[in-house]
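> Sequence:
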Amino acid sequence: MTEYERSRTMPALPEHVFDQASNVSQLDSWMPADLHVREAELPAVTVHEDRTGEDASALFRAEPDQQRMEWGTRETGSYAGWLQVAGIGSGASEVTIHLSFFEASHDPGGEAVEAALDRSLERLAEQVQLRVDGTEG
4 MTEYERSRTM PALPEHVFDQ ASNVSQLDSW MPADLHVREA ELPAVTVHED RTGEDASALF
64 RAEPDQQRME WGTRETGSYA GWLQVAGIGS GASEVTIHLS FFEASHDPGG EAVEAALDRS
124 LERLAEQVQL RVDGTEG
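Going by the numbering used here, the first residue of the sequence shown is number 4, and it counts up by one from there.
Don't read these hints as lab results, they were simulated from the structure.
Each hint should be verified, as a subset may be incorrect.
Here are the simulated distance ranges between beta carbons [to be verified]: (1) 111 with 137: 28 to 38 Å; (2) 103 with 51: 36 to 46 Å; (3) 8 with 107: 29 to 39 Å; (4) 53 with 90: 16 to 26 Å; (5) 55 with 103: 13 to 23 Å.
Using N, Cα and C, we set each Cβ at its ideal position, and we do this for glycine too.
Kindly produce the complete structure, drawing on both the sequences and the hints.
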């Protein structure tokens with residue numbers, strides 16, 4: 004098993020960050036560009052990965068009272084992850100994403116995963132800022 008974790012501070016209330024992050028219909032706006040999530044009947048979702056061209060049955064759960072999301076593959080048990088939002092005072096939040104790959108064949112490698120996590124957190128921060136600024140359409 005291989006695990007990766009990245010964090011980023013965002014200048015927004017944890018509720019705003021979590022609401023943006025956990026909106027299933029907007030996951031594509033901040034997740035890695037080669038992953039596409041289609042909602043089935045929650046917690047069931049389908050994840051399409053451009054890199055492999057495959058669809059995977061997955062689960063997605065959001066726990067607003069804990070400011071936490073969890074996801075992972077259903078049948079294969081290939082990977083799982085979570086995102087946690089924590090308030091750090093002064094209207095700011097810290098967002099942490101953690102990924103676990105249970106099969107080496109699904110792990111794209113440390114450099115690629117860390118870059119994707121950093122970019123995802125950057126894109127999430129951009130989406131949160133748009134929402135906070137009231138310019139989101």
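> All the hints need checking, so say for each whether the structure fits it.
Hint-by-hint comparison with the structure:
1. Look at residue 111 against residue 137: about 36 Å separates their beta carbons, and that is inside 28 to 38 Å.
2. Restraint check, residue 103 to residue 51: a C-beta distance of roughly 20 Å breaks the suggested window 36 to 46 Å.
3. At roughly 18 Å, the beta carbons of residue 8 and residue 107 sit outside the given window of 29 to 39 Å.
4. Range check, residue 53 to residue 90: Cβ separation about 35 Å, and the 16 to 26 Å hint is violated.
5. One distance hint, 13 to 23 Å for the beta-carbon pair residue 55 and residue 103, holds here, with the actual separation near 18 Å.
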